[in-house]
Amino acid sequence: GMELNVLKTLDGYDGYLGIGNGGFTNGVQVIVDDAIYERLTGKDTYSEFLPTLNEGADREIFDTFIEAFCDRTPGTTFLSYEESDQQLKESFAQIQMLAWGLILFVGLIGILNIINTVYTNIHTRVTEIGMQRAIGMSAGSLYKTFLWEGAYYGIIASVIGSVLGYVCTIFIEAATTDTIQLVAIPVMPILEATLLAVGACLLATAIPLRKISKMNIVDSIETVE
1 GMELNVLKTL
11 DGYDGYLGIG
21 NGGFTNGVQV
31 IVDDAIYERL
41 TGKDTYSEFL
51 PTLNEGADRE
61 IFDTFIEAFC
71 DRTPGTTFLS
81 YEESDQQLKE
91 SFAQIQMLAW
101 GLILFVGLIG
111 ILNIINTVYT
121 NIHTRVTEIG
131 MQRAIGMSAG
141 SLYKTFLWEG
151 AYYGIIASVI
161 GSVLGYVCTI
171 FIEAATTDTI
181 QLVAIPVMPI
191 LEATLLAVGA
201 CLLATAIPLR
211 KISKMNIVDS
221 IETVE
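In this text, residue positions in the sequence shown follow my numbering: the first is 1, and each later residue adds one.
Because the hints were derived from the structure by calculation, they are not lab data. You may find that some hints are simply not true.
[Said to hold, decoys possible] The calculated lysine to any residue pairs, modelled on SDA-like cross-linking and capped at a C-alpha distance of 20 Å, are:
| # | residue 1 | residue 2 |
| --- | --- | --- |
| 1 | LYS211 | SER141 |
| 2 | LYS43 | THR73 |
| 3 | LYS89 | GLY101 |
| 4 | LYS211 | LEU195 |
| 5 | LYS144 | ILE156 |
Make the full structure from the sequences, and use the hints.
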């Protein structure tokens, strides 16, 4: 073996030089001059360069030099971390766009299902509404009754959706950490989804109810459901 004088340690600089010491189980990385490198390895060539540009350096000139250097040296490849970071950002933006598209699509289907359920519920109870009006229920009481019913539909749907959404969040987090554990409850997204669901239910209740409340009482009672 060869004894070396340690001039400085770089604790906490994992990744600063190559891959740092991450992944090394039986050794460490050392920085030496050319002569000691050749004595240690028996090689006088380099397998990897990590050039770092100073602020304000001309990137085009540097890229031209690197391309020419790679052309002169067979088997040499060049990887730009800056370009890799840019590609990762673009890929992340595309994935984010696809994710939002999927979320909006699923959300739209859910909203349409809620509206369809509430809307159908009102239209299948035209006779009931006519009878309630016939025994003296005012338009205000009619709206109040069915709007509260629509709100209950929205609240129940929100509770079920929030629980299932939280469970999905736990599994998604587990997929990234390989550990199943409780995560912070996404309060704001749950509140936003609840308001949207309740609003959709109220809207789906008010529109057909307004039309039915203007029908003749006799006609509404005689309507075949």
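Cross-check of the supplied hints:
1. Among the hinted pairs, LYS211 with SER141 is consistent with the structure: their alpha-carbon atoms are about 16 Å apart, no more than 20 Å.
2. For the hint linking LYS43 to THR73, the alpha-carbon distance of about 17 Å falls within 20 Å, and the restraint holds.
3. Only pairs whose Cα atoms come within 20 Å are accepted, and LYS89 paired with GLY101 is accepted, the gap being roughly 18 Å.
4. Proposed proximity of LYS211 and LEU195 is contradicted: the alpha carbons are some 25 Å apart, above 20 Å.
5. Proximity of LYS144 to ILE156 is assessed by CA-CA distance (about 18 Å); at most 20 Å being required, the pair is judged to hold.
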